[in-house]
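> For reference, the chains in residue letters:
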Amino acid sequence: MPGHVVPKRIYFFIFGSLLALTALTTGMAYVNLGQWNTIVALVIACCKATLVVLFFMHLRWSPRLMRVVLLSALLWLAILISLTTTDFFSRDWTPIPEGWESSLLRPPTASGNLLYRR
Amino acid sequence: MADSHAASALAHQFEDLEQQHEAASLGMWIFLATEVMFFGGLFAGYTIYRNLYLPGFEAGSHMLNVTIGALNTAVLICSSLTMALAVRAAQMGKRHALVAFLILTIALGLAFILIKLTLEWRHDYLEGFAPGVNFTFVGLNAKSIQLFFCFYFLMTGVHALHMVVGVGVLCVLLVQAWKGHFGPERYNAVETAGLYWHFVDIVWIFLFPLLYLIGGRY
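So the protein lines, in turn, are chains A and B. Numbering follows this note's numbering, in which position 13 of the first sequence is assigned residue number 11; successive positions increment by one, without gaps. Numbering follows this note's numbering, in which position 217 of the second sequence is assigned residue number 226; successive positions increment by one, without gaps.
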């Protein structure tokens, strides 16, 4: 029989952990952690995704080839998100040369975010 | 095992069942890698625009119902468990358990879509938060809130479309399982459908906090 038959209790344990993490992330949303709210929510989401991938999707027992495919997908996702965000969020680091200002751009606000005029 | 059943389960281009099993899983993993990029574009766009129009995105997030979002997350996690148990039943050749777990998974998937449709989308539409169809909200950050709801409807909509496709695939598997197509040597279709189903679950695991939770609810 090809493939690894996973004991039932492992599935139920992962299921319980996923429900507990869902309750935790929902609860944490009501605690004021400032900017850390986003980080905590994303870290918990990554933990849940890891549990699903390793146990429900059997990656823990899969050949290395499957892990390479997943890691390459994550690498490309990281390139997509990091290069796009670094472009957007580093635009106000250097002054815009004289005569190059966009009519749409206002100076960066105190919060550091670029805000476009409607 | 070289009995007649194993021989018929093995396609001639493969050395053995193990290799055939790996090839099927690898194909699905590569498809899922393309799906990561598909949803990744939406997530990248959401990240950029959320940072550009943060107050509007936080206000928009407040209009969503966290309880229903969390309930739907739980429904999807339950469906992932029943799917994993369905694959296990197929591996062990338990036909009745496989049929039962597939029915449960389909029912939970439909429950997710129904909750989304009736309790959330319909509500958002009636409240005037549906960009392009019925967006009547006026007030502070109205345009950024409209942008948030564009992302909300697109991301949850595309996710729900994946659920509908998954339910369709599971219905086909259910008929085949009922007819006794699957067994310890022949369950690759169930396994790969399971990989797809769990992936759709993972997408929701990220959508839930990004859309519902990080809008400063305290």
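Certain hints may be false.
[As the list claims (entries may be wrong)] Stretches of chain A that chain B covers, calculated by requiring three or more beta carbons in the stretch to come under 8 Å of a beta carbon on chain B:
| hint | stretch |
| --- | --- |
| 1 | 3 to 10 |
| 2 | 38 to 47 |
| 3 | 57 to 63 |
| 4 | 89 to 98 |
[Claimed, not checked] Listed next, the stretches of chain A that the computed footprint assigns to chain B, with coverage defined by at least 3 CB atoms under 8 Å from CB atoms of chain B:
| hint | stretch |
| --- | --- |
| 5 | 16 to 25 |
| 6 | 74 to 85 |
No lab work stands behind these hints: they were computed from the structure. These figures come from a predicted structure and were not determined experimentally. Note that beta-carbon positions come from the ideal geometry of N, C-alpha and C, so glycine has one too.
> Using C-beta distances, would you say chain B covers the stretch 89 to 98 of chain A, given that this needs three or more residues below 8 Å?
Coverage by chain B is violated here, the residue count being 0 at a Cβ distance below 8 Å.
> Count the residues of the stretch 74 to 85 of chain A whose Cβ falls closer than 8 Å to any Cβ of chain B, and tell me whether that reaches three.
holds (count 6)
> At a Cβ distance under 8 Å, does chain B reach at least three residues of the stretch 16 to 25 of chain A?
holds (count 6)
> Are three or more residues of the stretch 57 to 63 of chain A within 8 Å, CB to CB, of chain B?
Per the Cβ count (3), the hint holds.
> Within the stretch 3 to 10 of chain A, is the number of residues with a Cβ closer than 8 Å to a Cβ of chain B three or more?
Contact hint for the stretch 3 to 10 of chain A vs chain B: holds, 5 residues under 8 Å.
> Examine the stretch 38 to 47 of chain A for residues whose CB is less than 8 Å from any CB of chain B, and state whether their number is three or more.
holds (count 6)
Checked against the numbered hints above, the structure breaks only hint 4 and satisfies the rest.
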